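Engineer: We have chain A already, so just place chain B on it with the hints.
Quick note, the sequences are listed as chains A and B, same order.
Counting in the working numbering, the first sequence runs from 369 upward without gaps.
Counting in the working numbering, the second sequence runs from 369 upward without gaps.
These are calculated hints, taken from the structure and not from any lab test.
From a predicted model like this one, the values you see are computed outputs, not experimental measurements.
Careful: at least some of the hints might be erroneous.
No copy is singled out in the list; a pair is fine if it fits within one copy or between any two copies.
Cross-link-like lysine to any residue pairs, in silico, SDA-like; alpha carbons within 20 angstroms at most [to be verified]: (1) K561 with D396; (2) K561 with G535; (3) K512 with S558; (4) K573 with E426; (5) K561 with E537; (6) K561 with V427; (7) K573 with R393; (8) K573 with E537; (9) K573 with F509; (10) K561 with Q551; (11) K512 with D377; (12) K573 with P439; (13) K512 with A459.
There are 2 protein chains.
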Amino acid sequence: MQIAILLYDRFTALDAIGPYETLVRLPDAELVFVAEESGPVRTDTGALAMVADRTLAEVPHPDLVVVPGGPGQTSQMENEVLLDWLRAVDATSTWTTSVCTGSLLLARAGLLKGRRATSHWLALDFLAGLGVESTGERVVFDGKYVTAAGVSSGIDMGLALVGRIAGDEHAQAVQLLTEYDPQPPYDAGSPAKAPAHLVEEFRGKSRFILT
Amino acid sequence: MQIAILLYDRFTALDAIGPYETLVRLPDAELVFVAEESGPVRTDTGALAMVADRTLAEVPHPDLVVVPGGPGQTSQMENEVLLDWLRAVDATSTWTTSVCTGSLLLARAGLLKGRRATSHWLALDFLAGLGVESTGERVVFDGKYVTAAGVSSGIDMGLALVGRIAGDEHAQAVQLLTEYDPQPPYDAGSPAKAPAHLVEEFRGKSRFILT
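Chain A with its partners taken away, still in its complex shape (with noise of 0.2 angstroms):
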């Protein structure tokens, strides 16, 4: 199966390398990193460029797509030419799917219109004033649409699709081979967990931090 990520300006990493490291692993998979132009497409951060080898003309037809989140997210709202790719692999695909802020993407091409869905745990309100049912979940499924929430996400997000797509046992498998055996030296991912304090800043400067 063909396994399209896609990559923008100011994208962030991790977002797409979760499903990247995961889905990589399915049998007969062929992914490709695609992007409006091809070549380097640089992070949020500035500091990494990752290769998009394929443009969003040479890969129409994905069967499953991964459009990841990040600041630079917020600039693509408006760009045409992406929101209508991502209209048309999604006429197609078997799987559409997002991380983080990656779903206020999908939502904006109109892809989400009244199902459950997830994102960033700051981004969960604007993805609700999408029209969207939006979960604080980690991984949602909603056919075949499957978005999750923020950053690190992604890996339990392409675990378990591998589970769907290939079995329990390749998904397994994967886990194995990955030593996805997390020993977070913190209890603090996620708003529920976190000091109160910190989840109060960040809310405060939400606007900064996603765009």
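Structural biologist: Only chain B this time, still in chain A's reference frame:
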């Protein structure tokens, strides 16, 4: 502080991106991807290239160095240019670190002699053969040497380092912003937890997987 992440042909993307996504959020971090030659460096799957912005010679004194692993590590074990760079940067680094089979390169450079360190679970015996006290722990601190287990463990190492360098609260803020609240859909991320027949199957072909 300057952070250098080493790239080489056929490295594993998440090995590098886990530490990147956490360490880049250190206060005053200047993070650079380096390789023997600057330009695109392709990962183990062939499906992705990440750009090394600087050559090894251009980054002689990073404060923190990260060496990722991947099947391409084997070909670097006799690369004296790379091994000499590791020895040279280690002479002035504050932290010398690795993920996955990156620790085999640190060991080959002579930097882990008699120290406690870890690696991908399939590579722990190789590591012990290089004069290292090889442990199966996920993240190992031994003085300024910090090593992480397979692939995804670099996220845990990155957060632990952020905590040591910038304090617990800063690390918690990074965890919250990257929404690192792992919820793997399976519990098969280590040889102790995965189905035994999968563990045996991988052990049987470890030479193939790791090179």
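Engineer: Next, verify each hint and record whether it holds.
Structural biologist: Here is what the structure says about each hint:
| no. | hint | in the structure |
| --- | --- | --- |
| 1 | K561 with D396 | neither (39 angstroms within a copy, 27 angstroms between copies) |
| 2 | K561 with G535 | between (32 angstroms within a copy, 18 angstroms between copies) |
| 3 | K512 with S558 | neither (26 angstroms within a copy, 30 angstroms between copies) |
| 4 | K573 with E426 | neither (38 angstroms within a copy, 36 angstroms between copies) |
| 5 | K561 with E537 | between (31 angstroms within a copy, 13 angstroms between copies) |
| 6 | K561 with V427 | neither (40 angstroms within a copy, 39 angstroms between copies) |
| 7 | K573 with R393 | between (38 angstroms within a copy, 16 angstroms between copies) |
| 8 | K573 with E537 | between (43 angstroms within a copy, 17 angstroms between copies) |
| 9 | K573 with F509 | neither (30 angstroms within a copy, 35 angstroms between copies) |
| 10 | K561 with Q551 | both (15 angstroms within a copy, 14 angstroms between copies) |
| 11 | K512 with D377 | neither (27 angstroms within a copy, 35 angstroms between copies) |
| 12 | K573 with P439 | within (13 angstroms within a copy, 42 angstroms between copies) |
| 13 | K512 with A459 | within (11 angstroms within a copy, 53 angstroms between copies) |
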